[in-house]
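These are the residues of each chain, in order.
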Amino acid sequence: MEIDPFIFRLSIFILSIFVGYYVVWSVTPSLHTPLMSVTNAISSVIIVGAIIAALAGSSEKVFETANIFGFLAIILAAVNIFGGFLVTQRMLQMYKKKKK
Amino acid sequence: MSANLSALFYLISGILFILALRGLSSPETSRQGNYFGISGMAIAILVTFLSLGNFGLGFIYVLIFLTVGGLVGAFIAFKIPMTAMPELVAGFHSLVGLAAVFVAISAFLKPEAFGLGVSGNIKLASLIEMSLGAAIGAITFSGSIIAFLKLRGIMSGAPITFRGQHFINLILGLAIILLIYYLCITQSSNIFWSIVLLSFILGILLIVPIGGADMPVVISMLNSYSGWAAAGIGFTLENSALIITGALVGSSGAILSYIMCKGMNRSFFNVILGGWGATDQTLKSSSEEQKPVKSGNADDAAFLMKNASSVIIVPGYGMAVAQAQHALREMVDSLKKNGVKVSYAIHPVAGRMPGHMNVLLAEANVPYDEVFELEEINNDFANCDVAYVIGANDVTNPVAKSDPQSPIYGMPVLDVEKSKSVLFVKRSLSPGYAGIDNDLFYRDNTLMLFSDAKKMTEEIVKSL
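Going down the list, the protein sequences come from chains A and B. Heads up, the first sequence is in this note's numbering, so the first residue is 1258 and it goes up one at a time. Heads up, the second sequence is in this note's numbering, so the first residue is 157 and it goes up one at a time.
Hints are computed from structural coordinates only; laboratory data are not their basis. Fair warning: this is a prediction, and the values are worked out from it, not measured in the lab. Even glycine gets a Cβ: it sits at the ideal position worked out from N, Cα and C. Be a bit skeptical, because a hint or two may be false.
What the hints assert, rightly or not - Below, a list of computed lysine-lysine pairs in the DSS-like style, where the Cα atoms sit at most 30 Å apart:
1. B:Lys493 to A:Lys1354
2. B:Lys611 to A:Lys1354
3. B:Lys447 to B:Lys574
4. A:Lys1353 to B:Lys557
5. B:Lys618 to A:Lys1354
6. B:Lys279 to A:Lys1353
7. A:Lys1353 to B:Lys618
8. B:Lys497 to A:Lys1318
9. B:Lys447 to B:Lys279
10. A:Lys1353 to B:Lys447
11. B:Lys418 to A:Lys1353
12. A:Lys1353 to B:Lys611
13. B:Lys497 to A:Lys1353
14. A:Lys1354 to B:Lys447
Unchecked claim - Counterexamples of contact, computed for chain B against chain A with all Cβ distances above 10 Å:
15. Arg187
16. Ile310
17. Leu334
18. Ser396
19. Ala458
Turn these sequences into a full structure, and let the hints steer you where they fit.
Right under this line is the structure:
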């Protein structure tokens, strides 16, 4: 019997939870705020779905209801991507070692 | 681009996201990690465009909206003051949540475009995945909005509780699950909209009873939710980048919530089901009696610290409110010129989000190797001459170690009272968030400095 592709996705999901578990425990507590802002930025990869939604369907009709939701989602995700990565960068620039 | 090739690229971007988090294990590697994250995102977006292969009018609009959103995001990122970081993160979470809801709605309205069947006959698994994604996304959105309003001070930080609250939440949660079940049977769009609506309401009701100082837990929890919502959408779209990211973010938020709860010695449910601030105050009567308090001024404090050989600074939320971090750094600089050894002690739940104090100190150019976590520094208080408590309260209360009746009993606290003298900057003797009196105020070795954190620190700088 063939294995449902869903099982493969589920495997990726569960293994990623384990990877996340070990990676996040190794994050130093002083960087917990940048951790939150960067996880925020990367979770905006949901923009992939937004782009598919926006470009769905025929190329003549650009603004059907389904597309409009896609475009709205693109704006929201774009705010997050740029805002999230840039604010993380700004924070990380501030973490400096003692001048010897 | 073939589906297999793009799937491989999505895998690469997922791995880059893992490396982005890995980089945060030390400040040196963190900046490189952020670049990994940015490249992962760029790859995911490019691959999506290439695999759709639709470069018509719609594509132009996508680019326009992407730019508009990007500019807004960049503007916010550069303009936001570091003290406003908790509400910024809460605000960003709400956007991820809403984006997840929108993508789910779009997938429900036009399943053909996502390869999920046709409208009215969507694949069962996809239907479950997208309705879960939409529900969690909606909870994340409205919950984060409430958290944002509370952190921003637009809404009172006090817990809002009413009778039957938890019962209503339970009913709403069960109703959402039941509706998802019926959605799978009937494929009715009305049911889908009801799920979204009920989830919005549930998100509001879940966060409303949680008080201001429990916000570190709330923000981490919403962080986690936004991850699970993304993962739900990832399953719908059969996209490994989204699934990997969702799992990473989901577990990251969950771990942070756990660390925060442990920092308060409370269970997750205890925090979520409504906080300390709301519980009735039975301890009030015992603390009514006037106990002697020693208070001093900036000159006394300056004298004490100048003649000390080591000083430990304990910052808390009050420092953030008063924006005292820069004045504090100046004070430390002049102390160091006098040959005083200075370090900083950070309690895990100091401030309004995980790592809040560290960011503020970093902003004031405090080197991160002078800043220590609770376990690293707690033994040093016994050998230190002066502890300078600025804007912290409950996290220094020795009652947590001595009085099993106290609501904060068992919470890990900084052993501030063990240092030879304690300087406690505070406006008044009022209790902190937990609503209990701090024993430390009445100790012989404590000198209260009644003033605003910033003003007092500036005055000390002057008299140094």
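Practice prompt. Of all the hints given earlier, name the ones this structure violates by number, lowest first.
Written response: Per hint list: 4, 6, 8, 9, 10, 14, 15 and 18 violated.
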